[in-house]
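If you read the sequences in order, they're chains A and B. Quick note on numbering: the first sequence equals residues 3 to 84 in the numbering used here. Quick note on numbering: the second sequence equals residues 3 to 84 in the numbering used here.
Note that these hints are calculated values from the structure, not bench results. All residues carry an ideal CB built from backbone N, CA and C; glycine is no exception. Hints are all accurate, no fakes.
Have a look at the derived ranges for each label pair, beta carbon to beta carbon: (1) E75/A <-> D32/B: 20 to 28 angstroms; (2) L84/B <-> H26/A: 19 to 27 angstroms; (3) I73/A <-> D53/B: 34 to 42 angstroms; (4) Q54/B <-> L68/A: 36 to 44 angstroms.
Protein chains: 2
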Amino acid sequence: MFEAEIKISLKKTVADPQGLTIKHALESLDFKGLNEVRMGKLVRIRLEAQDQAQAQDEVKQMCEKLLANQIIEDFSFKVEQL
Amino acid sequence: MFEAEIKISLKKTVADPQGLTIKHALESLDFKGLNEVRMGKLVRIRLEAQDQAQAQDEVKQMCEKLLANQIIEDFSFKVEQL
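With the rest of the complex left out, here is chain A (with noise of 0.2 angstroms):
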């Protein structure tokens, strides 16, 4: 058994309006010295492969055909043996 955690998030260049609305809403909440603040999702997966390099290779496919949207998102990922 493997676990992925892949993080993905929006590429630099793109417009975050979630990000801003948390970022007013912590400045709201006194917070100061923020800068930026950028949202993205966190998917955590567990699958059975034959091998760590299986493993690596589904969850890049799985990435690439359906969790990141890579016009506007970069991903990266790391997988470990449980």
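Please build the complex by placing chain B on the supplied structure of chain A, with the hints as guidance.
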């Protein structure tokens, strides 16, 4: 300047319909051997702080006061100096 990467995920005992939907979608794309898919949030915050300890403390408070709903969510974060 510090950058915090905050991971917010549903507690293990909380049902995750969004994760389940993604699991079904992946299966319909012919990915096999999926055991569990859980969705979470990833927040990246850039902030000014006097030192690492102050940055850590601020980010912890942000999580507790706004970012995470601790009844159903767990959070973890790491802070790096830029």
